[in-house]
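*Asks:* Fit chains Z and Y to the known structure of chain U by using the hints.
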Amino acid sequence: MNINEIKGLIDQLSGKKIDMYRNDFLLTWEKSRAELDATFLVADILREMRNANVSPRLWHSGIAVSNFRDNSTRTRFSFASACDLLGLYVQDLDEGKSQIAHGETVRETATMISFLSEAIGIRDDMYLGEGDKYQREVAKSLDEGVATGVLPDRPTVVNLQSDIDHPTQSMADLLHLAHHFGGVDKLKGKKIAMTWAYSPSYGKPLSVPQGIIGLASRFGMNVTLAHPEGYGLIPEVVELSKKQARESGGSFSHVNSMDEAFKDADIVYPKSWAPFDVMQKRVPLLHSGDNAGLKALEQQCLANNAKFTDWECTEEKMKLTKSAGKDMPQALYMHCLPADITGVSCKAGEVADSVFDRYRDDTYREASYKPYIIAAMIFLGKRKNPAATLKALLERGMKREVL
Amino acid sequence: MNINEIKGLIDQLSGKKIDMYRNDFLLTWEKSRAELDATFLVADILREMRNANVSPRLWHSGIAVSNFRDNSTRTRFSFASACDLLGLYVQDLDEGKSQIAHGETVRETATMISFLSEAIGIRDDMYLGEGDKYQREVAKSLDEGVATGVLPDRPTVVNLQSDIDHPTQSMADLLHLAHHFGGVDKLKGKKIAMTWAYSPSYGKPLSVPQGIIGLASRFGMNVTLAHPEGYGLIPEVVELSKKQARESGGSFSHVNSMDEAFKDADIVYPKSWAPFDVMQKRVPLLHSGDNAGLKALEQQCLANNAKFTDWECTEEKMKLTKSAGKDMPQALYMHCLPADITGVSCKAGEVADSVFDRYRDDTYREASYKPYIIAAMIFLGKRKNPAATLKALLERGMKREVL
Amino acid sequence: MNINEIKGLIDQLSGKKIDMYRNDFLLTWEKSRAELDATFLVADILREMRNANVSPRLWHSGIAVSNFRDNSTRTRFSFASACDLLGLYVQDLDEGKSQIAHGETVRETATMISFLSEAIGIRDDMYLGEGDKYQREVAKSLDEGVATGVLPDRPTVVNLQSDIDHPTQSMADLLHLAHHFGGVDKLKGKKIAMTWAYSPSYGKPLSVPQGIIGLASRFGMNVTLAHPEGYGLIPEVVELSKKQARESGGSFSHVNSMDEAFKDADIVYPKSWAPFDVMQKRVPLLHSGDNAGLKALEQQCLANNAKFTDWECTEEKMKLTKSAGKDMPQALYMHCLPADITGVSCKAGEVADSVFDRYRDDTYREASYKPYIIAAMIFLGKRKNPAATLKALLERGMKREVL
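Residue numbers (my numbering), protein chains in the order written: chain U, 12 to 414; chain Z, 12 to 414; chain Y, 12 to 414.
Hints are computed from structural coordinates only; laboratory data are not their basis. A quick note: this is a predicted structure, and the numbers were derived from the prediction, not measured. Some hints could be false.
What the hints assert, rightly or not - With the C-beta cut set under 8 Å, the calculated list includes, among others, these residues of chain Y facing chain Z:
#1 N62
#2 R85
#3 F263
#4 A378
#5 E412
We treat Cβ as the ideally placed atom computed from N, Cα and C, and that holds for glycine.
Next comes chain U alone, as it looks inside the complex (with noise of 0.2 Å):
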């Protein structure tokens, strides 16, 4: 893309009504369709940018928090990825390394790793009703330190993902179907099937396939979701993406069959998850450091687990699909990494091994939106007049790299 597509892209930006500065990014529901579009253009743009030998850094010091309460590989380098494009250094908050354990408060440690920060991620998924609440902790912390004046300016929370939502990958999945399909209008009418699929493993959060419905119903989308009967996801985010989709024009529907998921989908999200009574059984379990307990219900889930090994993406259920076009005959496999493929990484798994390997190229393209998702959100949350910031990025012509 040249500049002048490029500022194209930021006159579509412009027109934009949003309320996006000094908030933050928790859950895409809060979100305006505006909003939505927004981030998606600031993505592409920033992505375009960089590609046309521009640098989008904004700052020439600052500090960007990551607080990874949960492991990570791909969004540790995403969100590494998005500040250092912007120009921000990433400080780990350890909480193993910290005095945290001492017992400081959430307000006091927002405060104090804040005083030269632009941006704070936060990753917390591990107890089902707290990832979510303590990131808003965090955000109201900062809202009262810029109130009294302790802190110059008030850095933007991004939900890296919590236990409700996952709104980094959700972003970066509907921008790569964007893209596929030919822009964010075209996904009006299109079937997904976000659908619970068979994993040896055991707990896996919920948050995925929350986000996928709850921002899919934006969209004007055919919502499927599917699952056997007890693997429900939080109820509240299902009643929400069903209000969505009547709303956006689109439909959901909720199914107890992969095969009637699959049917005429053009596009299909198999993937694992845990029962959601089961990840609220484990709450008190993991507070308490019962393990004994954890044991047995993590023995009594995989045992129940094990009568769905049938839910897998086999080539059988791809011929259910249809064609999502680009010399595509079937639906686009869409997944958020690690999968677990059958005879590759266990025996059984979420999907074949002839699947995957089929559509290997497309989740790594998929993978590829998140580090700019992200910097749009920070970008969004730091900058008044988005539009105008960015036309001031081109005309400084920074190059990013000496060639």
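*Replies:* Chains Z and Y alone, transformed into the frame defined by chain U:
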């Protein structure tokens, strides 16, 4: 503050006779009064430059080494923020991940990490008699590296807390006082009560109270040190503080009553620390890994501690103090954080909940000076003519952020 | 060196026929002599640019990935310093903190960490037969990522130590020799003794001695490899070194006597390593986590080691050597550090205290080349016309630091 006012501060700096270039910042009492004042000035200048969106970035590349031999949140972030503000990339010397365990000498390690380094921050406060010694060993190694031509430049060593002093804390604290009372010169005659307070924990370092009495006694303040019998600090530091208080036109009193210390105080700093002789006994036990011995010492110390639960900064005690101005009917409460707050972080602690809460924002403001104090220490160790460099940075006018 | 002299070095570089763009640096023997010389030249140019306060910063954003599968101090700092000098932010791929344990394939991980990455440094030296293999797997994955358009650019892979070679060490070592003796061409005819030495430890990798003989044999040097019987290196590397020595007009001899190796040597490199067959036996034990087996192997190896405590670089042995010029009556002593020094780091070790002490600064100088060698490897992997880029950097004249 506008650019002209910042220039005014730089002009004040020009007038100071200082010898800080290629010197380290290990103990405040090794610095002249002019050097302390210069550090305050540079900290204020860097903060005001940042606030005016002028980047004080000195370097386009360069490593800052952080060497935390004890846990840290706020100092870690302060150091990272300071270094990033000046353009340095922080590389952690994590002795767990390094080969130091395999028998490297301090001299060798100090050289190996310094080929392209500009600053080294060290926290080593666990062992009485060792932290300061280690920092000097590193500094000496760097001198040798420069003398032999192995190192192209001398990285500045900044003490991020030793067994003796905690200058980034005490200097930030004093700068906070200077801003609170309207200038460094306004500190003369103010009474500061550095007093022990009860905590249910054990073994907190002596460097904070030592740092405070060793620094406050330089500014003509009336310093009162208070603690129960048996909770003395390093005797030499107390003696030095007495001498400094006399020389600066202030006073020093040493009492065994919190009430007496609080009486008519302008500033109170109630904080727990371990008795000096306990810290001495701890060293061989820590070295030999004698966990039973450590446990026994802890039990003995906690039992002794328990006699002094009334050493708490309560509303009643605060009533004994004077007004600290600025609509503050009582003294200014200070703490290096995190504080042990009664009923919040523990059953009985250093400070009453209501007192802490009233001064919460003040303690946060106090902490906010630390990144700038650290940046100033590095700056002054690395620039022969700091005022000229600061003027050059102002004239360059590189914006910290694109708005 | 002034700017014109630096231009002279760049002109020399222009004349080299090299094919390093989009290639990795894994083994020195995969590089042509012109490519080795180009690497030395770029390392010198980058160092001289820095010394002349011209920033060689190539990038205003970009990620460098460090993947240390074994502990490291000096290489970690060298890599960080090199990347920072070129403008890259180092993000550590800490496999303990990542989801790799959950079954990600190398291909997937390599892609996920590379969307905005320019360089990947890998240390993987624990398992004979695996480190180099792993690095090639990463490299191949990156090629696929570029071929499918998933990656916008090809990050350069730099071997930070494998089971076979340690090119950042050996190249830094040879650059040190070139500077010591007055040029790469002066190495012809010099005798270098790469000899085993006793150490009370066990299991040191073979990559350093292999790297040295595999590289020194390229420059017409007379290479002598010495070790007790049973302490052989990978046979293919020894054979290759013999062949290279012949082709470059040097010689290669393989002896079982330290004295013989030291006789008339210009350079001595006495260093402990584990016997090849022990390293081979170790791999299945490490893989199966057979600690008892490892312990038994260690005991056997240490018992065998103990027969060779006289393989120590003593004053007596040094007397057998030749003058290395520059007021040096005996050979130049080299070591990759840390050395096992008799009476200092152990009772009996690789080198006598007095010998090591005399050459201490030389070994530190030797180490100082590593950051620049790494930077040169990255630079040459990322720039099609490196001489033109270096000239552009000189002309840009961006100062590394504001004085």
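*Asks:* Could you run down the list of hints and mark each one as holding or not?
*Replies:* Evaluated hints:
1. Against a cut-off of 8 Å between C-beta atoms, the interface hint on N62 of chain Y holds, since the closest Cβ of chain Z lies about 6 Å away.
2. Given the 8 Å rule on beta carbons, the hint for R85 of chain Y holds: about 4 Å separates it from the nearest Cβ of chain Z.
3. Restraint check, F263 of chain Y versus chain Z: the minimum CB separation of about 31 Å is more than 8 Å; hint violated.
4. A hinted interface residue such as A378 of chain Y counts as satisfied when its beta carbon comes closer than 8 Å to some beta carbon of chain Z; here the least separation is about 6 Å, so the hint holds.
5. Against a cut-off of 8 Å between C-beta atoms, the interface hint on E412 of chain Y holds, since the closest Cβ of chain Z lies about 5 Å away.
The structure fails to meet hint 3 from the earlier list, while all remaining hints are met.
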